[in-house]
Structure formats: structure tokens, C-alpha cells
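Dock chains B and C against chain A, hints included.
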Amino acid sequence: MIALRAGLVLAGFLLVWEGAAAALDGRFLLAGPRDILAYGQTHAALLGRALAETSRAAALGYLWGNLAALALAAIALLMPMSERLVRTLALVVFCLPLVATGPILRVLYGPGAGPQITLSALSVFYTTLIPLLAGLRATPRVWLDLVASYGRGRWSALTNVRAMAATPYLVAGLQIAAPAAFLGAMIGEFTGAERGMGVLTLRAMRSIDVDATWTLATLAAAVSMLAYAAAGQLGRLLWPGAPPVLLVAPAAPRSAPLWQRALQPLAMAGITLALWHGVMAAFDLNRFFAKRPADVWQFLTTREDARDTLLSALAETASTVGPGYLAGLAAGAGLAGLCVLLPRAAAVVLPVAVTLRAVPIVTTAPLIVLAAGRGAGGLVAIVAVMIFFPTLIACLHGLQRVPAAIVGVFDSYAAGRWRMLLDARIPSALPAFFASARMAVPAAVLAVTVAEWLATGTGTGNLMALAASTSDYNMLWSAVAALTLLAVAGHALVAWAEVAVFARYAPEQLVR
Amino acid sequence: MGPEPSAPVPVEIRLTGVSKTFTGARGHVPVLSPMDLTVAGGSTLALVGPSGCGKSTLLRIAAGLESSDTGTVALGGDSPDILRARGALAVAFQEDALLPWRTLQGNVALGRRLARLPGDTGLVRDLIARVGLAGFEGHRPGALSGGMRQRAAIARCLATGPQVLLLDEPFGAVDELTRRRLNLDLPPLWQQTNATVLMVTHSVSEAVLLSDRVVVLSNRPASVVADISVALDRPRTAKMLSTADFRSTIARVEQALAQAETSALAAQ
Amino acid sequence: MTSLFSNTTSRRRFLQVGGAALAAGTLPAWRAGAADPVTFQLSWLHSVQFGGSYIAAERGYWQEEGIDVSLAPGGPNAPVEPPVVTGTALMGISAADYTAAAVENGAPFKILAVAMQRNPFAISSLPDNPVNTPADLEGKSIGMATANTPVLKALCDMNGVDMNAIEVVPTQYDGAPLLSGQVDCLLSWSTDLPVAMVMQGAEPAVMLLADHGYSVHSQTYIATEDAIANRRADLVALLKGEVRGWNDYLADTDAAAELTVARYPDAGLDLATQKLQAERQVPLMFSDLTEESGFGWFTDETVAANVETLGLLGRNVTPDLWDRSILEEVHGA
Chain A
1 MIALRAGLVL AGFLLVWEGA AAALDGRFLL AGPRDILAYG QTHAALLGRA LAETSRAAAL
61 GYLWGNLAAL ALAAIALLMP MSERLVRTLA LVVFCLPLVA TGPILRVLYG PGAGPQITLS
121 ALSVFYTTLI PLLAGLRATP RVWLDLVASY GRGRWSALTN VRAMAATPYL VAGLQIAAPA
181 AFLGAMIGEF TGAERGMGVL TLRAMRSIDV DATWTLATLA AAVSMLAYAA AGQLGRLLWP
241 GAPPVLLVAP AAPRSAPLWQ RALQPLAMAG ITLALWHGVM AAFDLNRFFA KRPADVWQFL
301 TTREDARDTL LSALAETAST VGPGYLAGLA AGAGLAGLCV LLPRAAAVVL PVAVTLRAVP
361 IVTTAPLIVL AAGRGAGGLV AIVAVMIFFP TLIACLHGLQ RVPAAIVGVF DSYAAGRWRM
421 LLDARIPSAL PAFFASARMA VPAAVLAVTV AEWLATGTGT GNLMALAAST SDYNMLWSAV
481 AALTLLAVAG HALVAWAEVA VFARYAPEQL VR
Chain B
1 MGPEPSAPVP VEIRLTGVSK TFTGARGHVP VLSPMDLTVA GGSTLALVGP SGCGKSTLLR
61 IAAGLESSDT GTVALGGDSP DILRARGALA VAFQEDALLP WRTLQGNVAL GRRLARLPGD
121 TGLVRDLIAR VGLAGFEGHR PGALSGGMRQ RAAIARCLAT GPQVLLLDEP FGAVDELTRR
181 RLNLDLPPLW QQTNATVLMV THSVSEAVLL SDRVVVLSNR PASVVADISV ALDRPRTAKM
241 LSTADFRSTI ARVEQALAQA ETSALAAQ
Chain C
1 MTSLFSNTTS RRRFLQVGGA ALAAGTLPAW RAGAADPVTF QLSWLHSVQF GGSYIAAERG
61 YWQEEGIDVS LAPGGPNAPV EPPVVTGTAL MGISAADYTA AAVENGAPFK ILAVAMQRNP
121 FAISSLPDNP VNTPADLEGK SIGMATANTP VLKALCDMNG VDMNAIEVVP TQYDGAPLLS
181 GQVDCLLSWS TDLPVAMVMQ GAEPAVMLLA DHGYSVHSQT YIATEDAIAN RRADLVALLK
241 GEVRGWNDYL ADTDAAAELT VARYPDAGLD LATQKLQAER QVPLMFSDLT EESGFGWFTD
301 ETVAANVETL GLLGRNVTPD LWDRSILEEV HGA
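Protein chains in written order, with this note's numbering: chain A, 1 to 512; chain B, 1 to 268; chain C, 1 to 333.
No wet-lab data here; the hints were simulated from the structure. It is possible that part of the hints are untrue.
Pair ranges (Cβ atoms, derived) [stated by the list, open to error]:
1. A492(A) to D128(C): 35 to 45 Å
2. E64(C) to R49(A): 29 to 39 Å
3. E104(C) to S82(A): 51 to 61 Å
4. L422(A) to P188(B): 46 to 56 Å
5. R49(A) to G60(C): 24 to 34 Å
6. D36(B) to L422(A): 49 to 59 Å
7. A492(A) to E66(B): 42 to 52 Å
8. A23(A) to P127(C): 36 to 46 Å
9. L422(A) to A173(B): 22 to 32 Å
10. A173(B) to R84(A): 30 to 40 Å
11. S229(B) to S82(A): 31 to 41 Å
A quick note: this is a predicted structure, and the numbers were derived from the prediction, not measured. Where a beta carbon is used, it is the ideal one built from N, C-alpha and C, also for glycine.
Chain A with its partners taken away, still in its complex shape (with noise of 0.2 Å):
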């Protein structure tokens, strides 16, 4: 019944997008499922030798990158002390942008697939540690103390208790990394490799090859829905159970001094410059394209010219960031209370969203500029599909993570879905949503200034790539820094948006 009804959906799916490819034909926007068949049988020996070696780069960038994402959450909890540091550092260095890593990487690594796999591995650590960390702090506190009542410090609470307690976490970045692990071997492979999907995804666009395009696109949406379901899968079985009851006592919060809190951003800052410059000269990066702090300053205090171009750029940037950010948390949300209402929704939202998530925007932003044009709707338009996908998992995640207990009050008293969700669900859903506001945050900065590249040539995106082509890398590094303080200012605004909502519903996430 399951299948026939999976069946029915995948081939109503299929029936659509060919009408769809065929409304559009001769326009080169979209191939349909037939054309795409063809090239795929045509050209099967090469799709499989790319498909290999983007996978390859791929399943190495999100091992390691998820590895050094459980690496940062077990710090932040051992030490909590480093938590803000750790946050702040992750937030820095998955703020930057392709343009200025490339050349870095490529210049680091020389030929092969080093920096595909770290972009790969760089495009998910960030969406692992924050469920992570949101994860192993929704503890019961019970639990805690039982370990505390046998003398055992942070380090048997991680192992016997939180490490456990934070897998339904751990399985939603797991899942919301697959997509993008594939993605950011692709996108790695623009910095210069000599085969794989996205040096064939260049070539079939340059080409006007349509077919190849999206039969490219379908692979790489196909393998990422195979490691998306993989990670779910792999989820039940470290959970044989069902989700635990979180009964949580409130706790006092600890409010630091005043000087404290006005130190520790200053500290933060000081760290962040210090790493900045010393990553630099460790690797004894030229100072021709590897811009140290030192060097952005002097730029940026005696080249007026050029700080009025980066402050109308950053401006233009940040009055997109806001509607971007907003209609890609939306969207997610949306998505993900649509899924629960209507758990048959669920079978097309989701393998469209991976699908989304899992094509290069590249190739996906000429339609969606066709549907949404090149003004302000279409900037909104690409911001929000490059955005929503981890806001809908970690929210899909979080509404279904309603104790079992509350579930039967609301059933007793025969409430309907809607009560559920707006009373239960969303409540029990904070705190998942807020790890996907925060982690949206530099993605929908990153996701701005591509599509200003992409669609509108204006902006701070559309500034970086000048600035890459002319060689001017102080321009680049000042706008890398720039777009990290935009973004660092928007995670802060969502983090105090955060403490606020947590104050009345989830006390637990406020202990340190």
C-alpha cells in the first residue's frame, strides 16, 4: 500500500516535470525526466567516472567535517568556558566565502582533490555542530545529576549521558550535511580539478547542453538522497527507542558581571585576529592574496575610495540579508509544520527539498530568476532555497520530538493537529529552531552575496568577484571581514531573540 502510494507520487512527480520541461523547451532552462534518461544512457562511462570521484572527495569531506564538528561540540562541553569561543570561530570560518578560499586552498593543496574535499568537509561541520551542541544541552537534568551523585565529572556525563542524548541532534546534522557535503566537493571542484560533476556542470553549461545539466543535477540530488536517507537510517539504529521525555528542572541562569560581558566580545575578536593572522603566517601564505588583518587596516584607513565602494556594497548586502534570511527561515519552518500536518505532504517536500539543497545553484538560479525575475524577488527567491533546507530537517526533527506523555494528554482530549502543533510541537520545537536561525545566519549572508553574483550584479557579491578577477584581495579580505561582522551581528540578534523565547520555554538550553 506504502509503495503503490510512493509509487503514485514519484510518478505524478515525474508526469509534472515533464510537462513542465515541455512548456519550457527551446527556452534551455530544463530537461525532463525522458531527455535526461537518454544523455544518462549515452554517456554512462563518463557520469559514473565523475560521479566516483565527487563522491569520493565528497564521503571524505563529510567525514572529516562532521568529525571535527563532534571534536568541537565535546570541547564546548568539556570546557564551557571555550563554548562561546567555539561558536564564535565556527561562525567565522563558515562565513567564508568560495572566492577567498579557492585560490588558499588551491595554492596549499597544488593539483588533486584537497580542496574538494575541505570545502566539502567546510560545508558541514557548521550545520553538525550547532544541533550538536543544542543537543548534548537538552539533558534532563536528572540525568546529570545521577552521574554527579557518583562523583563523575563532564567527561562521564558526555560519554554515558549526553553523547546518547544528543543522537536525535547528531542524525539531523547528519542528515542536513549530506546535500551539502556533495555540494561543496562540486563547488570545490571550480577551484581547478580535472574531472568529476561540477567540472562536467561547468562544461554542460557553457555548452547550452541542457540534458547534461540536469542529468548532473538529478545524479548529484540522487546521491544525496541516498546519504540523506542513510543517516536517517543509520539515526534508528543508534535509537532503538523512541525519543525521551525531557523533564527538565529550571535552573538559575548565572549572569556574569557587566565587565565580563562587555570583555568577552573584544576577547573574541582579539582571538579571531590573532588565528587570522597566525593561520596565515604558519602556512606562510603570500601576502599577495592572503591579506593579514594588518593589511585590510591600512587599507581600509588610508584608501577612502575604496571603504565608500565596500560600505555602499555591505549596505546594499545587508538590506537583502534581512528579507532573504527571513523567507528562507519560513520557508523551512513552513515546510516542516506542512509535513506534520500532512504527513503525506512529507513524501514530496522532502526528496524536493534534498533535491534543492543538493543542486548546484548554479544551475538552479535561471529558473528560479525566470519564476521570480532578476529584481529583489528573485535575490529573496535563490537566498531562501539556498537556505531553508536545515531550518525544515532540524524543525522536522524538533516537532516530532514531543514527549510520548503529552502527546496522549492532547489525544485525550481528542485535540486536532493544529492544537498539537501550536501548543505542543512548537514548544518542543525551540529549541531546535533556533539552532537552524543561528546556523542560517552566515549561510544567508554567503547565500546574499552569491545571489547578488548570480542575479542582480549588485552588492557586496557581485564586489568579491571583481575583486578576485583584478587581483584586489585587500578589497576581497575587507569584504570577507565585513560580511563576518554582518553575520556575527545577526547571529548576536538571533542569540538574544533566543535567550528571550528560552527564558519562558525551554530553561534547560540557558544552562551553561
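Quick look at chains B and C alone, frame taken from chain A:
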């Protein structure tokens, strides 16, 4: 076979001048007035008092899970931290605190694992049998009833052969019939080991049935209203429930409790 | 400045070793043997655009010169300049405008030779609404990357066209917007998107910017001053192979296309497309000047024309940017 070679000397619990005030958004809330409390080694003391009077806080302070503002806690002359680090202390919480991903046997064994004692499957299975859960070793907590989960939590506490056992309303979540059963079945298990027990309960009859002394606390901030000895033989049996001694002790405790309530009302 | 761009073997070794540690063995092992390892940084993905280089590699021209050349492909996020600056690559393929910008930003580059004598930038349009002269641009919409705005502006300035009368539509580097009628014309290289359009059955009109005063050397060979001073022999050897390879290319462009497709089976290249591209490259790369003086040649006159166009692009350069001494050695031998 006893759970673990019992400690040579029973450990005395001694709280001296312990007080606690919570600071929250609405200002300072004194929870415990400075108080002294001593539980003789190997004996059982029950704390009763009005809801929210600070009994559980006192217990957590005794366990070292919470610090007191003033005063000291000595368990056989050592701090709670030292006993916890030795694995000589165990707490049964109001909630069973069973980990949902571990089987019943895994949860009972967790006590030993956390106390860094070597695994002992024989002991664990024996304890599970003694708390009446034989046959459920492979079940996960989600598949057990409330009473069964409480038994499992007690078995986990006993798995380390603790010298100090702190029970925070361990049977608060189960029905009256089950509670009676557990009240009679379980105490002999820890009395064998000469453990010193401090327990918090809402049930007067449970307090009298299980303990050697009942201390009645006043409303917040808690102070000692009455200290009543229980002159019943060990082991306690179902028959004792109908004896005059038992009833008169209960009456004394209830009288003290009523006093505690009225004094609190008067104070307001 | 030299300390900023120190370019020693030890630095290169450090970078490579550091990279190797991170990449966990994704780097090729140091090649044994007498041949000098040399990395040559291409400006784009492998295609017949670099056909002459593949011929040089396949026919052993570089081996004969005693160097072992690895050809590093480029890509949209693989700028040529950083590897050349750091010395990871001995020589790179750039263009005069990009090289001028890099030099302005402190890179010690010289242009050693010029593969594309005539700039490949072109404006393509469909035959029923063609752009045959710059004046035709007025009133039309043009799809292009906004980064290329200075190029369009220079063209307008040189030909007295009102740039405000042109609607610039930011697009990806993609021919579809033209074929699907979203724009009237498209700025791209004459050797890629128009070729793709022909392969899709369209017959685009192609107006080469070089025919309307836009003189910017493209596919230029660049190296650092340090390399010119200290690795001169390797540079001469590298360019010698290039010259021989490109001369062979001219003799048989189809063979060059076939070799390219065979050499890079994973690059997704289509033979027919490559053959057409190879053919269309010829008039850009070979001229009376190269016939007379040899592949890659440039003169004071062509340099002066470049300096002038670059000025319109906002790049103030002097003829010092070009250094013909290596090429003279190559052709003199």
C-alpha cells in the same frame, strides 16, 4: 550473597549549621534556616514536611549536588565529594532517571560503571531478581511500568553497595499498592549492607515504616519542628502496620506536621 | 616589496609539504629523474583552448628541453595569479588586463608572450536582431557578468556609443538567455558561447571587440620577476615547447581537438565542439606578425595599443609590463 563487601564502619551523616537561600528574578527566597542534622551510621532517617519546604534541597546538599550557603556536611568525617568519588554514595531521584537507550540490565549496571567499579553481571542480575524484575533484563525503560522503573532505579543504587543512600521520594510516582510492596521488599536490601539512609517522603506511613527516626520540617525556610524515634523492630513487616506502636508514631508525626503547617500560616 | 613576495624553493617546498599533510596524500609524489618539475597554471578547465600545450606534452617537446611539466587546470574559483606569485606554478596564463590589475596590487609579474594577439571578447546576437557594429548596441539589452562592465564601457568610449542607452542584464556565463530571448545580445569570448550556440543549431552573429579598437592581449604568459631572474632556463624551455606545440596546432587543428578529447576523457568534451573551437581560435592567435616573428610575439606598437585600451579600462600601465627577452631567446635559438 550481599551486594558488595559491606563497609567495616557504618558512615554517619552530619549536617552542621546548613542553610540555603535561592536568588532568583524575584529576589531572595530563604529555603533552609541554619540547621543541624545527624543520622547515625547504619540507621535510616526520614524527612517529612509541607510541600516545597526544602526537603529535597537538604538532600541534594547532603549529596553534594548543591552547595549550602553556610555550614558543613560530613559523611563519616569526609565531604560528600570524597564519598561520591569513591562510589560510596548513591541517590535515588524523584524521577527514575533511567536512560531510555539502555536496557534494564544496562541501567542497573550503569551505577557500577559510573562508580568505576568492575562490571559484575552476576550481581546485577541478582539485584534485578531481588527487586522482582527477573525476566525483564533485556527490556528498555519505555516498556516498563512506573513501579518497575522505580525498582530498577533502586537496584541501580544498590549495585555499588553504597555506604550512604539518599532517597528523594523514590516511590512518589507509583500507586499506593505498589508503594506498599516496595516499602516492604526493598529496605532489607540496603539494611544488609549497613548503609546509612537519608530519605525524603510525602507519605507519613512510609516514613514511619522505613526509618528509625522521622524529622518533621517546617514550611519554608525549613527548620526542624519535631524529631521522632520509631521504636519498631527490624525487619519491618506488613503485620506491623496494624500495631499500636506504629499507629501512635504516625499520630505523633501527623500532629507535628499539622503544627508545622499552622505555624507557617501564622507566620504569613 | 621583494620580501613580501619572496619566492624561494624552501617556501614552495614548505607549502607543498604543508598541503600534503592536510590533503593526506592527495599530492603526487615528487617525481624522480633528472627532468625539472615545472607547474604551468592554465586559466580555465582543460579544453582545446590549450591545445598547443597538450601537443607539447604529448609529443615530448618539453621532455626534450629537460623539463617535466604538469598542466594545472583553472576554473571559476581558481585565479591564476596566486599560484604564480607563490611560485607553486612557474608560469601562468592570464590576460593583459588581469595581469595589469595584479601588478597594481603588488604582484611582480611580467608578460612574456602573447597567445591571443587579438582579444577574444565578442558580442553575439541572433541574425534577426543582429549587433554588427557597436552602434547597433544602443537600445538593446546585453547579458553579461557585471564584472565585465569596464569592457563594455571601453568599447562604447572608443566608438562613441552612449552606454546609458544599453540595458545591462546580469547573467551567468551562459548562452541560454540569448537563445531563449531574455536578452538581445551577449558578451562572451568568441570561442566558447558562440561555438556552443552553433552546436545547438543557432547561427549567431558575432562581433569581435578587437575589430572595434579593443586591444587587450589575452591568454598571455606571465611569470614573476624572480622566476625570470632565477629560473630563466626553465621558462625558456617551457615557452619553447609551447611555440612548437602551437605551431603543430596551426598545422592541424582537428588533430589538436582529437588529442585534447583523448587526453582528457573525463572533461566532458565534445569532439565536434572542440574542432569548431580550435578552428575559431586560429585567427585570434595567428597573424602576419606571428608568421613573421613567431608564435607569441608582440611589438612596441601592439604594446602601445594595449596600454591605450588598458587606460580606458582604468588600468595605468607602462610598456614595462611586457618583457620580450625570454621570447627572444626562444625564437633566437
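(request) Hint says 42 to 52 Å; check whether the CB-CB distance for A492(A) and E66(B) agrees. (result) With Cβ atoms ~33 Å apart, the hint is violated.
(request) With respect to the beta-carbon atoms only, verify the hint that E64(C) and R49(A) lie 29 to 39 Å apart. (result) This hint holds: roughly 32 Å between Cβ atoms.
(request) Given the range 49 to 59 Å, decide if the beta-carbon distance of D36(B) to L422(A) lies inside it. (result) Check passed, 51 Å falls within 49 to 59 Å.
(request) Given the hint of 35 to 45 Å, check if A492(A) and D128(C) actually sit that far apart at their C-beta atoms. (result) violated (56 Å)
(request) May I ask you to test the hint 24 to 34 Å on the CB atoms belonging to R49(A) and G60(C)? (result) holds (27 Å)
(message) Given a hint of 46 to 56 Å, does the C-beta separation of L422(A) and P188(B) actually sit inside it?
(response) holds (51 Å)
(request) Could you see if the CB distance from A23(A) to P127(C) stays within 36 to 46 Å? (result) For A23(A) and P127(C) the Cβ distance comes to about 26 Å; the hint is violated.
(request) Can you let me know if the beta-carbon spacing of E104(C) and S82(A) is within 51 to 61 Å? (result) violated (42 Å)
(request) Starting from the hint 31 to 41 Å, judge whether the C-beta atoms of S229(B) and S82(A) obey it. (result) Given a distance of about 53 Å, which is not inside 31 to 41 Å, the answer is violated.
(request) Mind checking the hinted window 30 to 40 Å against the Cβ distance between A173(B) and R84(A)? (result) holds (38 Å)
(request) Starting from the hint 22 to 32 Å, judge whether the C-beta atoms of L422(A) and A173(B) obey it. (result) Holds - the Cβ-Cβ distance for L422(A) and A173(B), about 29 Å, lies within 22 to 32 Å.
Against the hints set out earlier in the document, violations occur for numbers 1, 3, 7, 8, 11.
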